[in-house]
Amino acid sequence: MRKYRILILIALFGMSTGILAQQSFYDFQVKTLEGETFDFSSLKGKKVLVVNTASKCGLTGQYEALQALYEEYGGDNFTIIGFPANNFMSQEPGNHQEIREFCTENYGVTFPMMEKISVKGDDIHPVYLWLTQKSENGAMDSDVSWNFQKYLIDEEGNLIKMYSPRTKPDDEGIVSWIELK
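If you're matching positions, the sequence shown starts at 104 in our numbering and goes up one per residue.
Check before you lean on any hint, since a few could be wrong.
Result set (SDA-like, lysine to any residue): computed pairs, CA atoms no more than 20 Å apart in a straight line [what the hints assert, rightly or not]:
1. 264 with 225
2. 271 with 259
3. 149 with 248
4. 264 with 275
5. 237 with 130
6. 147 with 271
Hints are computed from structural coordinates only; laboratory data are not their basis.
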């Protein structure tokens with residue numbers, strides 16, 4: 104009984120002082136466009152580029168550069184995770200099947216694509232809450248300003264950098280980060 108009280112006191116103290124560990128990038132599980140569970144813990148040891156996507160946006164052509172980046176660097180050390188989102192001018196209206204067909208038929212996308220989520224607002228998905236809140240990720244605050252905003256996660260699951268939607272996937276800063284050993 105005494106051990107139980109001590110554990111409760113330690114937990115309460117940790118909560119009140121913020122000592123308890125933040126949620127890690129690797130703690131998330133999401134669904135793919137096909138409805139399968141995707142466990143972020145499978146990404147340990149890889150660099151990850153997380154990007155919110157849309158099929159009816161002026162930046163939709165970035166799918167081509169994302170796929171090229173994935174074909175050149177994807178594998179054991181790097182991956183791309185795409186999150187379709189309909190937050191900006193309803194530019195991702197499709198259902199999961201329509202999004203998959205669009206990405207495959209128009210851009211040959213083979214990198215992992217997750218289910219459509221919200222990347223901002225009251226219904227923000229927990230992954231994007233983590234990406235955009237320093238209190239969650241320990242690195243930086245950011246707002247998702249448009250489709251195709253990019254977040255870089257290192258091999259230990261740390262948020263390293265955010266790139267604006269207009270930054271192309273093959274930008275020198277992104278490529279040199281991927282190539283950095």
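Cross-check of the supplied hints:
1. At most 20 Å may separate the alpha-carbon atoms for a hinted pair to count; residue 264 and residue 225 exceed this at roughly 24 Å.
2. The suggested pairing of residue 271 with residue 259 is violated, with an alpha-carbon distance near 24 Å, which exceeds 20 Å.
3. Of the pairs offered as hints, the one joining residue 149 and residue 248 is violated, with about 26 Å between alpha carbons and a cut-off of 20 Å exceeded.
4. The suggested pairing of residue 264 with residue 275 holds, with an alpha-carbon distance near 14 Å, which does not exceed 20 Å.
5. Note on residue 237 and residue 130: the hinted pairing holds, with a Cα-Cα distance of about 17 Å set against a maximum of 20 Å.
6. The hinted pair formed by residue 147 and residue 271 fails the criterion: a straight-line CA distance of about 25 Å is larger than 20 Å.
Of the hints listed earlier, those the structure fails to meet are numbers 1, 2, 3 and 6, in rising order.
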